[in-house]
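With chain Z fixed as given, assemble chain F onto it according to the hints.
Each chain, letter by letter, is given below.
Number of protein chains: 2
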Amino acid sequence: MGLAVAQMGPVHLAEDRAAVVKRLLAMMREAASRGAELVVFPELALTTFFPRYWMTEAEAVDRFFERSMPNADVQPLFDTARELGIGFYLGYAEITPEGRRFNTSILVDKTAKIIGKYRKIHLPGHSDHKPDAPFQHLEKKFFEVGDLGFGVWNMDDTNVGMCICNDRRWPETYRVMSLQSAELIVLGYNTPSWNIHWNELIHWRTTTHEIVLQASAYQNAVWIGAAGKCGSEDGHHMIGSSMIVAPSGEIVARSSYEEDEVIMARIDLGLGQMFRDHVFNFAKHRSPHHYKLIVERTGAGDPLPTGD
Amino acid sequence: MGLAVAQMGPVHLAEDRAAVVKRLLAMMREAASRGAELVVFPELALTTFFPRYWMTEAEAVDRFFERSMPNADVQPLFDTARELGIGFYLGYAEITPEGRRFNTSILVDKTAKIIGKYRKIHLPGHSDHKPDAPFQHLEKKFFEVGDLGFGVWNMDDTNVGMCICNDRRWPETYRVMSLQSAELIVLGYNTPSWNIHWNELIHWRTTTHEIVLQASAYQNAVWIGAAGKCGSEDGHHMIGSSMIVAPSGEIVARSSYEEDEVIMARIDLGLGQMFRDHVFNFAKHRSPHHYKLIVERTGAGDPLPTGD
Chain Z
1 MGLAVAQMGP VHLAEDRAAV VKRLLAMMRE AASRGAELVV FPELALTTFF PRYWMTEAEA
61 VDRFFERSMP NADVQPLFDT ARELGIGFYL GYAEITPEGR RFNTSILVDK TAKIIGKYRK
121 IHLPGHSDHK PDAPFQHLEK KFFEVGDLGF GVWNMDDTNV GMCICNDRRW PETYRVMSLQ
181 SAELIVLGYN TPSWNIHWNE LIHWRTTTHE IVLQASAYQN AVWIGAAGKC GSEDGHHMIG
241 SSMIVAPSGE IVARSSYEED EVIMARIDLG LGQMFRDHVF NFAKHRSPHH YKLIVERTGA
301 GDPLPTGD
Chain F
1 MGLAVAQMGP VHLAEDRAAV VKRLLAMMRE AASRGAELVV FPELALTTFF PRYWMTEAEA
61 VDRFFERSMP NADVQPLFDT ARELGIGFYL GYAEITPEGR RFNTSILVDK TAKIIGKYRK
121 IHLPGHSDHK PDAPFQHLEK KFFEVGDLGF GVWNMDDTNV GMCICNDRRW PETYRVMSLQ
181 SAELIVLGYN TPSWNIHWNE LIHWRTTTHE IVLQASAYQN AVWIGAAGKC GSEDGHHMIG
241 SSMIVAPSGE IVARSSYEED EVIMARIDLG LGQMFRDHVF NFAKHRSPHH YKLIVERTGA
301 GDPLPTGD
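Chains Z and F, in that order, are what the protein sequence lines are.
Numbered according to the UniProt record's numbering, the first sequence spans residues 1 to 308.
Numbered according to the UniProt record's numbering, the second sequence spans residues 1 to 308.
One or more hints might be untrue.
Because identical chains cannot be distinguished in the list, a pair is counted as satisfied if it fits within a single copy or across any two copies.
[What the hints assert, rightly or not] Straight line, CA to CA, 25 angstroms or less: simulated DSS-like cross-link-like pairs of lysine-lysine:
#1 Lys110 with Lys22
#2 Lys130 with Lys140
#3 Lys110 with Lys141
#4 Lys117 with Lys140
#5 Lys130 with Lys284
#6 Lys22 with Lys113
#7 Lys130 with Lys141
#8 Lys117 with Lys22
Derived by calculation from the structure, the hints in this document are not laboratory data.
With the rest of the complex left out, here is chain Z:
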């Protein structure tokens, strides 16, 4: 299977959706011409990463949320997907008819049908205004925790799971999908190069991104395609480092630039099967009765007494 990851350079506040969609279309055409059957776009791909700005929810909805999908702005993506016979993953800010707000991604098949929707569960950041911080991280203000669970959809005989950005740091994310026989997990992200909450070393921001993708691909015997935004959006730098990771945990394709860039790999789903048949034969090796705390506790608590 041909998998493409379409990294995006910055989307500045001044750019409109039409300009962004034009860039996405160019990458979709490139991906298709290089043999991709699926192209992965970033989280909140249609706009700048607006949760970095303090504003009212009403203003955010007005400027940055999509009331329907597809809509007139993104229709060209659907039309071109159908024309080229290529599927895509797209992240965007969703507002429902009831006014609920989610950080959402969709999986669209090569007939341009939306076959899956995911709403981000692990929302990072805060909901209050931090006037002393150089920028905000207001996902907990603008979005609700996703209500759809971690889904897996069969697309052209491949089981595809989705998650978004911070979800990729949580091992539960991948495990719930691999227990639904996911073979490929796709995700978009916007990761600032600076952590506003504490003095985290800047290079850790890339290291931790790499190791969670690598280990999670391996531990769940899945391929992962991760598409980020990169470069500086109005002065706010993001890590980029979009990549495709094999079930061996190896990075098989990686972005090289801080701009729009398509990376590609021909992925062999049989490789994941080898790991699922052996070291990660879940049915043979897992012991769920020893894992109960994972669902019984939210935060950490005291050590439990052991039987000996």
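Relative to chain Z, chain F alone:
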């Protein structure tokens, strides 16, 4: 806190426990002299990695299992720990008075008291004889799945968790311990450089070992000390690569040789706390109701319907 990891070179079939304990003592003394408060020894540290040989359970028990702990052979380790005021982790094959067999580790404090016991849960390998394989991996024949769960013990104001070898590849292992407020996870292992089950690339054996330790330390905001055996036991090569990993996911100490070798780090437990206060504030960010499949399914099954 001073943490030492004592990697072991090979233990051949012909070596007796007295010779092995002498090597462990030398490393314990070196660790203490370098300021360690805890030294981590490998899995099944007292003998060769015997699950690679086909034999009856009775023969294995006779040659390789411990009927009590401490016993006369290992008493010098306990005496020296008390003398030096250093704790240790030790892996060994345990047979209970009822005749149950486990792949076990103990946590011993600096007064030489056993304060924790763990019995390996994720047993790799097989239970049948594979006469065409270059060697066996008979952990499923010689051991039962551990019955004590994943424990965490407070040792001198540090919460220490234990696991063994293959457990380190499973994200559930670490999560159950970090939900019990583990700050440090210690483990021993014997990892053959060749996979007898399928044609896994040899370098993956080390890569996957690294990335699971790195990602798990980060995802659980814990320090990890991992002690392996290395070199060739009677011609059977093991990966070594013993290491200490920080909560940032970075490898801060790593073995350099294929022989007995002590590596050290002064570990700052406050670093883990920074991650637990921010990106991995479990109480604030986890969503256990979306994780239920982790305990509801053992093997992978069909995708579930999502709500949208």
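Status of each hint after checking the structure:
Taking CA atoms no more than 25 angstroms apart as the test, Lys110 paired with Lys22 passes inside one copy only; the shortest distance there is 19 angstroms, against 66 angstroms between copies. Only within a single protomer do Lys130 and Lys140 lie at most 25 angstroms apart by alpha-carbon distance; the minimum there is 13 angstroms, versus 55 angstroms between protomers. In this homomeric assembly, Lys110 and Lys141 never come within 25 angstroms of each other (Cα to Cα): the closest approach is 35 angstroms inside a single copy and 49 angstroms across copies. In this homomeric assembly, Lys117 and Lys140 come within 25 angstroms of each other (Cα to Cα) only inside a single copy, at 20 angstroms, whereas the closest approach across copies is 41 angstroms.
In this homomeric assembly, Lys130 and Lys284 come within 25 angstroms of each other (Cα to Cα) only across copies, at 18 angstroms, whereas the closest approach inside a single copy is 49 angstroms. For the homomeric pair Lys22 and Lys113, the shortest alpha-carbon distance inside one copy (20 angstroms) is at most 25 angstroms, but the shortest distance between copies (68 angstroms) is not. For a Cα distance limit of 25 angstroms, the shortest separation of Lys130 from Lys141 inside one copy, 12 angstroms, qualifies, whereas the shortest one across copies, 58 angstroms, does not. When the C-alpha separation of Lys117 and Lys22 is checked against a cutoff of 25 angstroms, the pair qualifies only within one copy, where the shortest distance is 23 angstroms, while the shortest distance between copies is 61 angstroms.
Figure legend: structure checked against the earlier numbered hints; the only hint not met is number 3.
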